[in-house]
Structure formats: C-alpha cells, structure tokens
Amino acid sequence: MPINFIPNDPLSQAFAPLRTIDPLPERPADRAGFRFSGVQGEGEHSVGTKEFLFWQCREAALRSIETWEALNGPLKRWQGNKKTLLLRQDAGDDLNAYYDRSSLSFFHHTSGQKTTYSGASTDVVAHEAGHAFLDAIRPQLFSVNFTETGAFHEAFGDLVAILTALMDPLTRETLLAESPDLRTANYVEATAEDLSDGIRREYGASHAASKPRRALNEFVWQHPILLPHSAPPDELSSEIHSFGRVVSGCVYDTLANIFNSRPNRDEQSLLEAAQTTGRLLIGAAKIAPSESRYFRAVGRAMILVDSELNGGANHLSIRDAFAAHNIPLGSSAMLAPVSLLAGGAPSMSGRSQKISIPKSVTTDLAKRLGVASTAKFAVQSFQMAGETIAEAIHEHEVPLGGLDRRLKGVVAFAPASVLVGEVSARAAVLGGLPDVQGAADEVVQFVETLLDNDRVKYEDSNAAESGAPGRFKTHEIQSVRGKRVLTRIAFDCFGGCGCSHG
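Counting in our numbering, the sequence shown runs without a single skipped number right up to 502 at its last residue.
Hints listed in this document are in silico derivations from the structure and should not be mistaken for laboratory results.
Just so you know, even glycine gets a beta-carbon here, dropped at the ideal spot from N, CA and C.
Fair warning: there could be bad hints in the mix.
To be verified - No farther apart than 27 angstroms at their CA atoms in a straight line, the calculated lysine-lysine pairs in the DSSO-like style are these: (1) Lys82 <-> Lys359; (2) Lys367 <-> Lys457; (3) Lys114 <-> Lys83; (4) Lys211 <-> Lys286; (5) Lys457 <-> Lys82; (6) Lys76 <-> Lys286; (7) Lys286 <-> Lys376; (8) Lys354 <-> Lys408; (9) Lys408 <-> Lys83; (10) Lys483 <-> Lys408; (11) Lys211 <-> Lys367; (12) Lys354 <-> Lys76; (13) Lys82 <-> Lys354; (14) Lys354 <-> Lys457; (15) Lys211 <-> Lys359; (16) Lys359 <-> Lys376; (17) Lys367 <-> Lys354; (18) Lys83 <-> Lys483; (19) Lys376 <-> Lys211; (20) Lys354 <-> Lys286.
Said to hold, decoys possible - Beta-carbon label-pair distances, calculated as ranges: (21) Ala185 <-> Gly482: 35 to 41 angstroms; (22) Arg31 <-> Met348: 53 to 59 angstroms; (23) Gly80 <-> Gln383: 34 to 40 angstroms; (24) Asp320 <-> Ser46: 16 to 22 angstroms; (25) Lys76 <-> Asp234: 37 to 43 angstroms; (26) Arg183 <-> Glu308: 39 to 45 angstroms; (27) Glu69 <-> Gly311: 36 to 42 angstroms; (28) Ala336 <-> Gln140: 35 to 41 angstroms; (29) Asp181 <-> Gly80: 40 to 46 angstroms; (30) Gln268 <-> Asp460: 39 to 45 angstroms.
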C-alpha cells in the first residue's frame with residue numbers, strides 16, 4: 001500500500017516535495033536491520049500524524065541502508081555484532097536525535113505554533129544512521145577523545161545524508177537545475193533545515209545549531225585548541241558539530257571536483273561522482289590511523305584508496321579539495337619509513353589472519369613514546385597501497401581533576417597511534433611518531449569543550465534524558481578496569497541543545 005514520504009527535509013519541499021510511493025520492504029533475514037516501535041498501518045497519511053511519522057522515519061532509515069549497501073556491500077551486523085537497532089521515531093519531547101549503539105532515536109518539540117519532528121526529516125534520520133554505519137566498520141572511533149575524530153563522526157553523518165539524497169534520481173535532477181556545478185548553495189548540501197529552524201525558534205538565532213550545517217562552505221582548518229568552545233552558526237568553534245564542517249567541506253568539494261571533471265555533467269554523471277566519493281570516504285574511514293590530525297589522515301587515506309580502486313584518477317580532486325580547507329595532504333608521507341624498530345616486521349598469524357608484532361617492537365615503541373616498557377598496545381591491520389600495515393595504539397591516561405572538582409580521580413584516554421610496516425624484514429615506523437604531550441593537550445581541550453557545552457553526565461546527576469530540551473548528555477563517568485573513565489555514551493545531533501549525536 002502506498003505511503004506519503006518527504007525525500008529530503010520538511011523545509012526543502014520547494015525542491016523535493018512530498019511523494020506518494022511504495023514503501024521499501026523489510027530487510028532480508030541475513031542482514032542487519034531495525035526493530036520498529038509504535039508500528040502504524042500503511043497508508044497515505046497526513047504530515048504531522050503519528051501514522052505519517054512512523055512510515056516517514058522507517059522509509060528514511062531503510063533508504064539510508066540502501067545507500068550504504070550500494071557503496072559498501074551488504075550490511076550484515078551493527079556495532080557489537082548486533083542484528084538490529086531500535087528505531088524510535090518519537091522518543092519524547094526534545095529538539096533532538098541521537099545514536100547510542102542500541103537505537104536511533106528521534107523526538108518532537110513545540111515552539112510557538114509549530115511542532116518539529118526530527119524523525120520526519122530524511123536528512124536527520126540518515127545522519128543518525130551514518131553514525132551507526134561508521135560505528136559498524138570502525139567502532140574504535142566512537143570513544144576517541146580527539147576533537148577531529150568526534151568531528152569526523154559528525155561530518156560522516158552529514159555526508160551520509162547527502163549521499164542518500166544523491167541516490168535519488170529526482171533529487172539529482174532538481175539539484176542540477178538549481179546548482180549545475182554544485183558550487184552554489186543548495187538544498188542537498190544543507191542538512192536538517194527543519195530541526196535547525198526549531199532550534200532557532202526555541203533558542204534564538206545566535207545558537208550554534210540555529211542554521212543548517214552546510215557542506216558547501218569556506219571554513220578552513222585551524223588548530224582546535226585555538227578555537228572558542230562554542231560560537232554562532234556562521235563561525236567555527238571546537239565543538240564537534242561546528243568543527244566537523246571543515247571535513248564535510250573537504251569531501252563535498254571532492255564530490256564537486258570529481259563531478260566537474262566529467263565530460264557530461266548530467267544526472268548520471270552526478271550519480272557516478274557520488275558513488276565514487278562515497279566509496280573513497282568509506283574506504284578511508286576504515287584505514288585512517290587514529291591520530292589527532294584525523295582530517296588529514298582521512299584525506300591521505302582517500303588518496304590511497306583512490307589509487308587502489310581507480311588508479312589514482314581522482315588524486316587531484318581530493319588533494320585540491322582538502323587544500324582549499326587548509327589541509328595539505330602529502331599522502332606519500334603517510335607510509336614513508338622514518339625509523340627502524342628493534343624487531344621483525346609485523347606478520348599475519350594462522351587461520352585467524354590477525355596481525356601481530358614482536359614483543360621487542362612494542363617495547364621499543366614504548367621507549368620512544370616515553371611510556372612504561374610494559375605498556376599495552378592494541379594492534380590491528382589495514383590494507384594500504386597494496387601492503388598490510390599494522391597500527392599499534394597505546395592509550396595513555398590524561399587526568400581531568402583540574403578541569404572540574406566533579407572529575408577528581410577521573411581520566412580520559414589519549415590514543416597514541418603508530419603505523420608499523422616492513423623494511424628488509426625489519427619493523428619500521430611509517431609516517432612518524434605521535435606527539436604524546438600534544439595529544440594529551442588536545443584531550444584536555446576536548447573535555448573542556450564538553451564541559452562548556454554541558455555534555456557530561458556526572459555520577460550524582462539523573463538529567464541525561466529528562467525530556468527537557470538541552471539536557472541530553474553524550475558522556476558519563478564509567479568504571480573501566482578499575483579506573484573512573486570519562487566515556488562517550490552517544491552522539492547527539494546539534495551539540496548544545498540536546499540533539500544527540502547525529
């Protein structure tokens with residue numbers, strides 16, 4: 001039975017109006033999917049009704065998965081080997097949407113005479129699904145306490161929303177009529193217009209989320225330590241939703257560069273450019289090392305992935321896009337050997353095909369990083385430029401008690417990531433060693449931004465989900481191996497207003 005569906009955002013209907021469509025079928029039994037709440041009967045329901053909201057949110061979520069599988073193959077499991085996530089199209093009163101590893105949750109809130117439903121925006125639903133997709137392929141990123149890593153998670157959600165829009169033929173046609181070269185402001189590169197409008201009405205035009213985030217932007221990279229912890233929507237801050245616009249701009253410009261390099265700049269060429277960009281982005285997200293300059297790592301990884309998939313055809317498109325946002329890449333430096341280590345090269349072990357590095361190598365790495373010789377390293381493998389590379393990560397503790405009395409005895413982890421390869425059967429550091437003190441400084445700055453934006457749930461607080469706008473917390477203090485550790489619990493949609501990572 002047909003349903004009514006908004007293919008983009010409720011405030012973008014001048015370009016992508018309400019449609020009557022056949023809903024997507026249930027997910028195949030052998031693939032990951034959703035558990036639906038508050039199921040309603042099919043039909044051409046009116047906007048604003050609970051029946052419409054259910055089918056709108058369901059369709060948007062399934063279209064997001066359809067986009068993901070077109071770019072990355074079948075989605076078998078979510079993070080943690082989960083088969084399903086709960087999809088909550090209306091979880092209560094808030095200007096909010098979030099992903100918390102168990103659900104995609106959306107909300108409603110009335111300001112004046114208008115009620116905003118975050119689950120009614122395909123942009124917002126796809127954004128939250130984007131967090132879940134990234135968490136499925138690279139779960140380590142969820143808890144990294146670097147501004148650029150969190151900001152990339154936010155940008156990834158926005159970019160999944162954009163890619164989901166671009167999988168739709170009618171959207172591509174109307175977009176090209178509005179912006180033939182993709183270089184003028186348009187409804188596709190702007191996301192979550194309706195939710196931003198609700199935030200503007202509730203909190204005022206100076207709120208950081210009172211305007212849609214735009215992937216077509218001129219923001220340039222600055223060191224996050226030098227930025228304010230919050231800022232109006234037209235300015236850059238170290239808050240991750242704000243700062244993420246830098247890297248979403250890099251990837252959108254990559255898309256535009258690839259599209260404009262095509263001889264025929266038509267709807268089919270736009271689809272192909274979107275598919276190419278999406279695959280480069282996903283491939284890079286899988287292998288970019290967990291370093292504080294994560295935007296640069298992603299750009300470099302995109303170039304390496306392009307070399308493998310496309311023979312380097314899009315190298316200049318990627319390089320120029322990142323350079324325009326003040327992120328020079330120099331991708332060859334990423335895998336350049338810089339020093340030999342005391343031991344043999346990384347090796348793959350038996351049937352498990354897990355990579356391992358000799359104890360002598362980790363002992364040498366610990367010495368070079370200035371940590372105890374017994375320090376533990378997590379080791380994982382990546383395929384880069386046709387080689388198997390090991391990433392060795394040591395997480396060192398950063399004390400937080402000096403930031404707030406309620407954080408006395410609490411630590412946050414700062415990852416020190418080293419790429420290890422082979423030179424004449426010896427282990428070698430590739431690209432360089434991380435700045436351990438610099439990483440600790442950036443973790444402190446990241447936590448300061450969380451505190452200034454009221455994102456931490458303390459042990460004596462029960463306000464994480466009080467139902468009042470602005471109260472949702474993304475971090476809490478948990479016990480990890482006998483230590484009190486500041487830990488991420490969710491990604492919220494707009495950072496300072498209660499919108500959970502989306």
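- Among the hints numbered above, which are violated by the structure, and what are their numbers in rising order? Hints 1, 2, 3, 4, 8, 9, 11, 14, 15, 18, 19, 21, 22, 23, 24, 26, 27, 28, 30 are the ones this structure does not satisfy, whereas the remaining hints hold.
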